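Peer 1: Chain residues, written in single-letter form:
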Amino acid sequence: SQKIEQNSEALNIQEGKTATLTCNYTNYSPAYLQWYRQDPGRGPVFLLLIRENEKEKRKERLKVTFDTTLKQSLFHITASQPADSATYLCALPAYSGAGSYQLTFGKGTKLSVIP
Amino acid sequence: GAGVSQSPSNKVTEKGKDVELRCDPISGHTALYWYRQSLGQGLEFLIYFQGNSAPDKSGLPSDRFSAERTGGSVSTLTIQRTQQEDSAVYLCASSPDLNEAFFGQGTRLTVV
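Chains as they are written, first to last, in my numbering: chain A, 1 to 115; chain B, 1 to 112.
Keep in mind the hints are simulated off the structure, nothing from the lab.
Heads up, some of the hints might be wrong.
A few chain A residues facing chain B, derived, Cβ under 7 Å [claimed, not checked]:
hint	residue
1	Gly43
2	Phe46
3	Phe105
4	Lys107
List time: in silico DSS-like cross-link candidates among lysine-lysine, alpha-carbon distance up to 25 Å [said to hold, decoys possible]:
hint	chain 1	residue 1	chain 2	residue 2
5	B	Lys17	B	Lys57
6	A	Lys107	B	Lys57
7	A	Lys63	A	Lys3
8	B	Lys17	A	Lys3
9	A	Lys63	A	Lys107
10	A	Lys71	A	Lys3
Given the structure is predicted, the values throughout are model-derived calculations rather than measurements.
Glycine included, C-beta positions come from ideal geometry on N, C-alpha and C.
Please take these sequences and the hints and turn them into a complete structure.
Peer 2: Printed below as a string of structure tokens:
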């Protein structure tokens, strides 16, 4: 069966360090992968999309890599700040078996940046 | 409004009652998703609408759950004969092209 795993439920890091979050998937061949941020009591907010033919993508202090051989994406936040504390979700299009692709999410990693 | 709007933001209902949750997507977005998020859990896919195509209902957990999308815009998720295990945050998202989903704030449903 198709599965998305975000290896850490929670990750604590010191302010200023680089946070690295992992998203692994099995039995998928996604054309792209997305990362979202979710703050408590709010809906997820889109951060980045990386396509299968892209190895790396950057946006300000964020960097995402996509290794289709390893079936893995890494999400990095450099020079982390307490304001980066949130839950980060990866998502990819999965065939639902009902004739369409729908966006399927991992369970997320809760990042805490300690001052 | 500029974003996805969901109403009500909070709903407390008695077990066995029916509830309707509403989602106003961003104008022009052809795709609309409903997800459910239980406390501390990930997003569970419920249903997906894309344009005029038949909806993908493969994530609905039981026949007590149904959804419709009128005129390709507003969507309503209905839960009949609510049970305590239905308590969760129900999130709606819309998308113009499936490359980015825009989420509403969610409806927190509590079944007592």
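Peer 1: The structure should be examined with respect to each hint, and the outcome stated for every one.
Peer 2: For each hint, the structure was consulted:
{"no.": "1", "hint": "Gly43", "verdict": "holds (3 Å)"}
{"no.": "2", "hint": "Phe46", "verdict": "holds (5 Å)"}
{"no.": "3", "hint": "Phe105", "verdict": "holds (4 Å)"}
{"no.": "4", "hint": "Lys107", "verdict": "holds (4 Å)"}
{"no.": "5", "hint": "B:Lys17 <-> B:Lys57", "verdict": "holds (22 Å)"}
{"no.": "6", "hint": "A:Lys107 <-> B:Lys57", "verdict": "holds (21 Å)"}
{"no.": "7", "hint": "A:Lys63 <-> A:Lys3", "verdict": "holds (23 Å)"}
{"no.": "8", "hint": "B:Lys17 <-> A:Lys3", "verdict": "violated (34 Å)"}
{"no.": "9", "hint": "A:Lys63 <-> A:Lys107", "verdict": "holds (20 Å)"}
{"no.": "10", "hint": "A:Lys71 <-> A:Lys3", "verdict": "holds (11 Å)"}
In summary, the structure is inconsistent with hint 8 from the numbered list given earlier, while agreeing with all the others.
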